Structures are given as structure tokens and as C-alpha cells.
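Could you slot chain B with the ligand onto chain A? The hints should help.
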Amino acid sequence: MSTGFEGGAVYTPRFRVGGKPAAAPDEDTFTMAVEAVETFAAGEVPSETARVELVGEFAAVADWGLSAYLGKPVELGRHAGSAVGFAAALRAVESAPNEPSTLLIAAERAGPLGGQAAVLRFGPHRAPRAPEWSQPTDHDSAASLARAGLASIGLAPALPTGASPTPPWTPETAAAFDAVGSLQVSEGAYVPRPRYLENLPSRWRLEGDRCGRCDRVTFPRRARCRFCGLSDRLSTMTLPRDGARVIAATAIGKGGQPTEFDPQVGALGGYGVVLAEFDAGVRLTLQVTDAAPGEVKIGDRVGTRLRRLYPMEGEWRYGRKAVPLPE
Amino acid sequence: MAHRAAIVGAGHTRFGVLDDGPRALLRSAVDGAFASVDKGAERSQVGESFLASLGFGGWQIGNSSAVLSEESGITGAPSSRVENACASGGYALRSGVFAVEQGGSPLVLVAGLEKMTDVTNARRRYWLGVSGDTEWERAAGLTFAGVYGLIAAEYLHRYPGARDALAEVAVKNHENGTRNPNAHFQKRVSREEVLRAPRVADPLGLYDCCPVSDGAAALLLAPADQAHQYTDTPVFVDGLGAGSDRLAVQERPELTRFSASRRAGDEALRDAGIDRSRLNFLEVHDCFTIAELLALEDLGFADPGGAVDLTLSGATRPTGRLPVNPDGGLKSKGHPIGATGVSQVYEIFLQLRAAAGTRQVPGAEAALAHNVGGAGATAAVSVFSRG
Ligand SMILES: [Zn+2]
Numbered sequence: 022m023s024t025g026f027e028g029g030a031v032y033t034p035r036f037r038v039g040g041k042p043a044a045a046p047d048e049d050t051f052t053m054a055v056e057a058v059e060t061f062a063a064g065e066v067p068s069e070t071a072r073v074e075l076v077g078e079f080a081a082v083a084d085w086g087l088s089a090y091l092g093k094p095v096e097l098g099r100h101a102g103s104a105v106g107f108a109a110a111l112r113a114v115e116s117a118p119n120e121p122s123t124l125l126i127a128a129e130r131a132g133p134l135g136g137q138a139a140v141l142r143f144g145p146h147r148a149p150r151a152p153e154w155s156q157p158t159d160h161d162s163a164a165s166l167a168r169a170g171l172a173s174i175g176l177a178p179a180l181p182t183g184a185s186p187t188p189p190w191t192p193e194t195a196a197a198f199d200a201v202g203s204l205q206v207s208e209g210a211y212v213p214r215p216r217y218l219e220n221l222p223s224r225w226r227l228e229g230d231r232c233g234r235c236d237r238v239t240f241p242r243r244a245r246c247r248f249c250g251l252s253d254r255l256s257t258m259t260l261p262r263d264g265a266r267v268i269a270a271t272a273i274g275k276g277g278q279p280t281e282f283d284p285q286v287g288a289l290g291g292y293g294v295v296l297a298e299f300d301a302g303v304r305l306t307l308q309v310t311d312a313a314p315g316e317v318k319i320g321d322r323v324g325t326r327l328r329r330l331y332p333m334e335g336e337w338r339y340g341r342k343a344v345p346l347p348e
Numbered sequence: 049m050a051h052r053a054a055i056v057g058a059g060h061t062r063f064g065v066l067d068d069g070p071r072a073l074l075r076s077a078v079d080g081a082f083a084s085v086d087k088g089a090e091r092s093q094v095g096e097s098f099l100a101s102l103g104f105g106g107w108q109i110g111n112s113s114a115v116l117s118e119e120s121g122i123t124g125a126p127s128s129r130v131e132n133a134c135a136s137g138g139y140a141l142r143s144g145v146f147a148v149e150q151g152g153s154p155l156v157l158v159a160g161l162e163k164m165t166d167v168t169n170a171r172r173r174y175w176l177g178v179s180g181d182t183e184w185e186r187a188a189g190l191t192f193a194g195v196y197g198l199i200a201a202e203y204l205h206r207y208p209g210a211r212d213a214l215a216e217v218a219v220k221n222h223e224n225g226t227r228n229p230n231a232h233f234q235k236r237v238s239r240e241e242v243l244r245a246p247r248v249a250d251p252l253g254l255y256d257c258c259p260v261s262d263g264a265a266a267l268l269l270a271p272a273d274q275a276h277q278y279t280d281t282p283v284f285v286d287g288l289g290a291g292s293d294r295l296a297v298q299e300r301p302e303l304t305r306f307s308a309s310r311r312a313g314d315e316a317l318r319d320a321g322i323d324r325s326r327l328n329f330l331e332v333h334d335c336f337t338i339a340e341l342l343a344l345e346d347l348g349f350a351d352p353g354g355a356v357d358l359t360l361s362g363a364t365r366p367t368g369r370l371p372v373n374p375d376g377g378l379k380s381k382g383h384p385i386g387a388t389g390v391s392q393v394y395e396i397f398l399q400l401r402a403a404a405g406t407r408q409v410p411g412a413e414a415a416l417a418h419n420v421g422g423a424g425a426t427a428a429v430s431v432f433s434r435g
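So the sequences go chain by chain: A and B. Counting from 22, one number per residue, gives the positions in the first sequence under the numbering used here. Counting from 49, one number per residue, gives the positions in the second sequence under the numbering used here.
Bear in mind the hints are in silico, worked out from the structure with no lab data behind them. Bear in mind that the values here come from a model prediction, so they are computed numbers and not experimental data. Careful: at least some of the hints might be erroneous.
Under 10 angstroms between C-beta atoms, here's a sample of chain B residues computed to sit facing chain A [to be verified]:
| # | residue |
| --- | --- |
| 1 | R171 |
| 2 | R172 |
| 3 | R173 |
| 4 | W184 |
| 5 | R186 |
| 6 | I199 |
| 7 | A200 |
| 8 | V297 |
| 9 | E299 |
| 10 | I322 |
Where a beta carbon is used, it is the ideal one built from N, C-alpha and C, also for glycine.
For reference, chain A alone in the conformation it holds in the complex (with noise of 0.2 angstroms):
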């Protein structure tokens, strides 16, 4: 069978135990998916996008989410083999050669660590050296497929190997942490579904607002400049994914958290918190994952990754957190 994949990327976790990639506990399907689109797009959405099929078992909140990460409506179709999901995202493009681009999405968590996720575009403009894939069957992983097909052509780098940096969890602490999904934590300082969604532009991609008259950024957007005031001069940006600075940074321990908190201090101990700094001037309070408590000091560089926040009326709430990046 003939693909016509015209590009893509892979999202790999950072830590592996037992030599293989293993996510971190806040991530799932979906905060991989969202990965690895940002791997492809290097922090830009593809605007073009019309289309996307999923490929495994993906976390509920796909459902809306993907369009709302995306910014704009998309079709969804979800293809828990391998064998019809490929076939589906051909059939699309073929079927509509001169529409825009359809992604596949595919991504797996295998228990409560393993994980891997892969984009590929699929579109008019079909890269020439797209390979030959032998017909995938349903019991293929689609992201390990996926990753085949991008590494054939030079689009994936190999898994990793040699040492992981040591994870600041254990399987045992990130399948308690997955298990807090299922509590019924309903006690935080409310911030109700509606408000939720309507800060995702900020709260999942970073757009800020760029005043045309001052040049400033606003971030969270609220419909004005903050500093001058004016409303009708204002551009969407986007922070960047990686390149923050952090301006302080504290390790909260047990007492110090907010009660939603409370079943990830149990399973973790604690977590880190950081104020960090954007080159637009932009401050945001993050917490930190992918390191332990007090690992990430001030000074350091870090970057921002959509993950599970805490659950809140029977639902995993997402949003960005920093990570610690190399200087």
C-alpha cells in the first residue's frame, strides 16, 4: 500500500525505564498527541489542518480537545487498529486530493509508563520519497509504524539509548498518580468548566495578545492591552514552547498544596512550582514537572508542556507546565 505522507514527527519521552521510553505520569495520549504535533509544527498549529484520524486508545477529552488545542473545528475520526486508521486518513486525502491536510495521530501509553506518539500530514503535496508500508494490520502500533515510516525517510530519529536521566517517580508512583483520574476531587478554588475552556487559547497554546501601540504583551488575554489600555490594536502571538527563565522557584510540601493537589503530593511527595520569564516580558506561574521537587532552580531554562494538571468533576484538567531544558 502506498502512503502519501508528506511529513511529520515523533514524540518520545524523556526517561525510560527498563530501556524503554516511558512517559511521565501527567502525560497521556492526549498531552502526547499535542507533543508531537509541536515537535512537527515547532510551536506553530498547522493552519491548514482540516482533518485528523486518531490511531489507539485515546484519553476522552480528544474528543473536543484536539479542536480546541488546534483553535479551530476539525473532523475527528477515531480508529482504535492500526489497519483502518491508515486507511482512513488515504481515503481522506485521496478522496479530496485538493482539501487541506489531514493528520494522523497516533498514540499508545502501554501501562501506566510506556508511551510514544506520532503525527504524520497527510496532503495534496505528497513528499516523493514517502515509503512503502507492508499492510499494517490492527494488532501493529500504529506509532511504532508511524515512527518507521518518518525514520525511512529521514523524519524520526532513532529511539534513544544509553543512560536515561533518572526519573523523579517510579511505576509505582505514576500508576497511583494515573489512578487519581478516577477520584472524585471536586473541592479547589472553583474555576468552573466554562471559564476553563475559555482560556484555553492561553492556557494550552500560550497566545497572548501583542498591543499594536505600546508592543507590549498581555498574557492571559483579556480583551485589552494591560498596560496602555487600547483594545482595538491588538495581535494574537504565541509564546514560545521553550525559552523561559525562571524568576523564582519553590517546592511545595505536604500542607502547601491546594486540595485538588492533594492525590498527586500522596502519589509524589511534592512537586515544584516556578515563576518564569518569556523574552515578550511575559511572567507565568508554572508548576514543574519531569523533575523532582527543588530541581529546577532560578536561573534555569525551561520550556512549557501541555500535561494533566488535577481532576475536577470527574475530569482531568490540562495545562502547561515547565520542564527543565538544557542550557
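Here is chain B with the ligand on its own, set in the frame of chain A:
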């Protein structure tokens, strides 16, 4: 100097984990305020009242001002709740002074109340976080301990040696608390205990944080020119100042200075027409040890970073040249949220009447109260004299 209003009576409950409910606490503080009026005052003379309260735990969060008038025996007179988180008390005093100045009320009652220990642990921590920025700060896993932890982290990064000053604030205020029978804590702590305590929000440990307390306090205000009908030793409100800042610390240009405090302090001192050097002691908002250092700088008693040396020099001890929080402060006396700002003024009322017993600041003639809402989103400062 012009007096804006006079305090002619003040009452205070114990602060701590108390059996009394909110009604009993209010009754006790208000009864105490009336009983303290040297020449007597009638309930019927109260023309208006203000209740400072967050409504912690959700008990009677609406219309609780009617409970204040009920328990004060002044049902019928207008009453309203003033809410600015931990600065509610300072703002209620401000409202009370405005009501006095407006005229028509022989007396105005200002009461502060919080009942915090009768709810479950989870619910308590939920309420402890309701006054921060819920949409962003809270989602990052921060309550006020965490926000002040960030502030302390940057402060320590800028001013090495500040860790010892934070410990000194805790040691001093605990020591002061042992001389205040109303204080929640009645025990000394050592510098080593402060530094060794479990971290709540690094670098802040358990002894860097104020406790969760129940309590109430009440003041009776009168027009300055009528004060002597009630007492020969009134305490005058000479200056008021207040300010606000952006709710979330991430939207402020700097972490280690509270612009709301600076504005409120400057305004109150200017309003009172008094120089800082003439203040004999300060009541400042030390919800966390770092907050006392920030207060000293924001109020202009030290340059940025200068609160470290000022504190370590012993100047802020009761025997120093500028005693700070002789009643133990929030740190040791306790912090029943709505009651705190009123309680600060209660202490000033005692001190300026030379009635503070073993913790009396000798010769105190003028003082300042500094009350902060949350991590600096609101602040109220007031200046007092004995006339
Ligand atoms: Zn502007």
C-alpha cells in the same frame, strides 16, 4: 495633626482553636468593646456597623452583617460585610472612619471575625486558597504558602543572609506572643527549630507560616471631637491609606515588593502628616515571615533588602528602636482572616493607652497598622496617635 476619628472602645477574643462558634465570638468581642468604654456607651448609639470577614468555610457567607447586628444588640442599624481577604479588617476600619466622617452616627462599630477550625481539613485548605488568582496561580499548584514561597525564594536569591532574618522574625514574634494572653501560640521557638521544621513551600517551613485560627475583634469609633464623652484616653485615627494591585503575581513586574502596600503606606503617612521617625511601633501583616520583611521595605522603614539587617540588628524587637508586632503578629497571635486587621488596631488601642501590660512599648504615642490581602492584591494602612 488632624484626627479623622477616635477609637473609644475595643474588644478581642482569644485567638486559636476555640470551642466558640462565630456568633459567640462576635458577641464576646463586641461586649468587650462596650465594656472597655470608660464612661460607658449605649448600644442604641451605634448608627452603623461593618463586619470584616471572608466568610471562611461558607458559614453564612451572605448577609453575615445581620448576624453582627443581632449579636451586638443593634438590629435595625445598617450593617455591611467588608471583604478584601486578609485585608478585610483594615478596609472595614476605613469604611468605619468614612461613616464617622459622614456624620449622623454617634458611634460606629467595626468588627472582624473568622471561624476557621470547624471545617474539615480539605475544606479548610480549599478556603485558604480562595483569595489568590484561581484561574492561573491555583492551577500551578499554588496557595498563599506557595506564592509567598516564590517571593521568599527570589528575596533570598537577591539578599543572601535573609534566611536568618526570616528565622529571626519567627523567633521574635513567637517570643512576643508569649506576652499576649490572646495569642494562639504561647511558646517560644528557637532559630534551629525554625530552620529544621518541615518545608511547606521552600524556603518557607512550618514556622515561617501563621497558624489557622478562630477569633474576633471589635472597635467602637466616634467623631474625634466627641471622643471625650466616652473616655479621657481615646486613640485617634489620623491617617488612612489603601491600594490594590493585579491579583496574580505573574502579572506584576516584581515579586518582592507590594505596590499596594507602598501606595497605602505613603498615603496613610501623608494623610496623617506624620514622619516615619515619630512612629513608636508597627503592627504589620506577617502572614509568613517573609511578609514582615517586605512590609518594612514597602512602608519605607528599610531600602529593598535592608529589612534583613534591620531585623537582624534587633531593632524590631520590643526593646529595639522600632518594635514590630509586639502582640506576636499574625505569626504567633494567629490569623483569623477577617479579624486580623481589626486585631492590629486593638493592639494599638491598648499600647497607645499604656494598657498593654507586660508587652507595653514604653512611651508609645503613635503607631501604624499594615494589613495585606492575600499576596498583596489589596492593602490598607492606618496611622494612629493618642492625640
Ligand atoms: Zn498597549
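Evaluation of the provided hints:
Of the supplied interface hints, the one on R171(B) holds, with its beta-carbon coming within about 6 angstroms of a beta-carbon of chain A, less than 10 angstroms. At about 9 angstroms, the closest approach between the beta carbon of R172(B) and any beta carbon in chain A falls short of 10 angstroms, and the interface hint on this residue holds. Nearest Cβ of chain A to the Cβ of R173(B): about 5 angstroms, under the 10 angstroms cut. The hint holds. Hint status for W184(B): holds, given a least beta-carbon distance of 6 angstroms to chain A, under 10 angstroms.
Annotation: R186(B) was flagged as interfacial toward chain A, and the flag holds, the nearest CB pair being 5 angstroms apart, inside 10 angstroms. Taking 10 angstroms as the C-beta contact cut-off toward chain A, the hint placing I199(B) at the interface holds, the least distance being around 7 angstroms. The interface hint given for A200(B) is met, as the beta carbon of that residue sits about 8 angstroms from the closest beta carbon of chain A, less than 10 angstroms. A least Cβ separation of about 7 angstroms between V297(B) and chain A falls short of the 10 angstroms threshold, and the interface hint therefore holds.
Taking 10 angstroms as the C-beta cut-off, the interface hint given for E299(B) holds, the closest approach to chain A being about 7 angstroms. The restraint placing I322(B) at the interface with chain A is violated, with a minimum CB-CB distance near 35 angstroms, outside the 10 angstroms limit.
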